[in-house]
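Chemist: These protein sequence lines map, in sequence, to chains L and C.
So for the first sequence, this note's numbering puts the first residue at 53; every next one is plus one.
So for the second sequence, this note's numbering puts the first residue at 76; every next one is plus one.
Treat the hints as calculated values from the structure; they're not laboratory data.
All C-beta atoms in this analysis are idealised placements derived from N, C-alpha and C, irrespective of residue type, glycine included.
Mixed in with the good hints, there may be bad ones.
These stretches of chain L come out as covered by chain C in the derived footprint (C-beta under 8 angstroms, 3 or more residues) [as the list claims (entries may be wrong)]:
#	segment
1	150-161
2	165-179
3	205-216
4	279-288
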Amino acid sequence: MKGRWYVMGLAACAAFWGLRTSAQEQQYKGGEVAQEQTQQRDTANSGEGQTATVPESSGKVPPIPVVTGFMAFQTEFAPGTQTLSPVFDPTVLVPIGHKLLIEAEFEMQMDLTREQGEWGPAVLDHSVEYLQLDYLVNSKLSFAVGRFLTPFGIYRERLHPYWIRDLAGEPMIFSMNDNSSNGAMLRGATQIARGIELTYAGYFSAATTNKLFEADRRAGGRGSLFLPNKRMEIGVSYSRTLSNQRYNMLGTDFTWNLKKIPMDLKGEAIYSSVLGKGYWLEGAYRLNRLGKNAFVRNSELVLRGEQYFVPELAQTVIDELPTVDTTRATVGWNYYLHNGLRFNASYGRNFASGDNHNIWTAGITLRFAKL
Amino acid sequence: MLTVPLGMALAGPRKASKFIDPDDAYKNNCMRCHSSVQAYSPKKTETIVMHMRIRANLTAQESRAILEYLQDNTASTRKNKSATKK
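Put together the whole structure using the sequences plus the hints.
Modeler: Pasting the structure below:
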């Protein structure tokens with residue numbers, strides 16, 4: 053009952069913000085701002101030949117609040133178990149001038165599971181993914197305080213929203229760092245040589261037991277080398293959890309977006325003496341250059357391989373992790389119906405001692421944003 | 076853990092290339108996760124680029140170049156739409 057009121061409250065807030073920003077948008081639709089922008093850019097670009105000049109100051113247009121996010125309906129079928137998961141995930145961005153930003157993402161997911169022919173209770177799982185105040189300190193550093201996505205690896209911070217990830221199912225090892233932190237974070241990027249950037253993030257988090265803002269006491273960070281022209285990044289992450297059970301976690305990740313063919317490669321590996329170790333490797337191939345058939349051109353094929361190895365002493369910290377060494381292969385297909393609307397389906401095979409089974413998923417994701 | 080970022084903040088600005096091609100900046104950064112350009116008004120684009128500057132660890136130069144790319148793209152998309160309506 054409480055959950056229902058909470059959802060209604062959030063929906064009302066989202067609608068309010070939507071109306072507010074829509075009203076502010078009317079000023080823009082008059083066309084004056086767009087004209088002013090074009091003039092500014094023309095002035096800035098004059099005399100620079102083929103390469104556009106980037107103006108030193110940010111745009112003169114004042115940023116306004118934005119409500120965006122996604123809705124999804126995902127299904128998963130495994131032997132003896134069927135799960136239906138409607139998801140509503142609004143994101144609110146409220147800028148204060150050009151230096152401060154308040155940003156928040158709420159996630160509401162209701163898993164309906166049918167086991168052995170009987171539907172279980174509908175449980176609404178809701179959480180604040182992040183609710184943070186950001187301050188852009190200088191061109192290479194920003195400071196965030198509040199609740200933020202823990203900067204460990206790439207999946208949590210960059211790929212967790214359904215409308216961004218290539219496969220609906222999360223990698224097995226993702227549950228090792230599927231968390232948010234409550235505290236402070238410094239992060240940024242700097243160019244260390246021509247064509248090489250160093251990115252960095254460091255944070256600490258205080259323990260919080262409130263269900264909506266649950267977090268462990270921990271500290272850690274991530275650093276990476278990014279080669280923009282090669283579209284390649286290699287990162288390392290570290291975290292030290294200091295709650296009831298104390299443990300370290302070490303991770304490495306890479307992403308590579310090939311230029312010659314529309315293919316993305318990414319992967320992540322995590323090691324922890326308490327939680328176990330594992331990795332996932334994923335390739336996504338967009339078929340937009342194959343022929344003229346719209347169906348083929350809007351499709352994407354995805355392949356993921358992953359393994360998880362249990363620790364020497366059985367872990368009891370994270371329920372979602374497999375209890376035996378597990379290997380999984382998944383092949384998926386995404387179809388982009390139009391900008392923001394995507395259909396996805398996948399087939400996976402789980403290989404584990406006494407637990408070999410198929411996993412089928414199908415779903416649809418809509419990214420919403422008022423233009 | 077906070078030493079590296081703090082060091083970067085205190086080190087002051089380095090002499091790096093000030094000119095980044097907006098098209099390259101967009102393709103080299105945004106398309107690593109996003110498959111297509113979403114068209115927003117310039118004011119909203121400003122906000123979203125601020126958000127992504129933090130989330131994706133973009134430098135100020137990169138985020139300005141991406142802002143320019145997105146605003147150009149939005150302007151041309153809207154222009155095309157209004158031309159089609161006429």
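Chemist: Confirm or reject each hint.
Modeler: Now the hints, each set against the structure:
Given a C-beta distance limit of less than 8 angstroms, the hint that chain C covers the segment 150-161 of chain L holds, as 3 residues qualify and 3 suffice. With 0 residues having a Cβ less than 8 angstroms from any Cβ of chain C, the segment 165-179 of chain L misses the three-residue criterion, and the hint is violated. Counting residues of the segment 205-216 of chain L whose CB lies closer than 8 angstroms to any CB of chain C gives 4, which reaches the minimum of 3, so the coverage claim holds. Under the rule that three or more residues need a Cβ within less than 8 angstroms of chain C, the assignment of the segment 279-288 of chain L holds, with 4 such residues.
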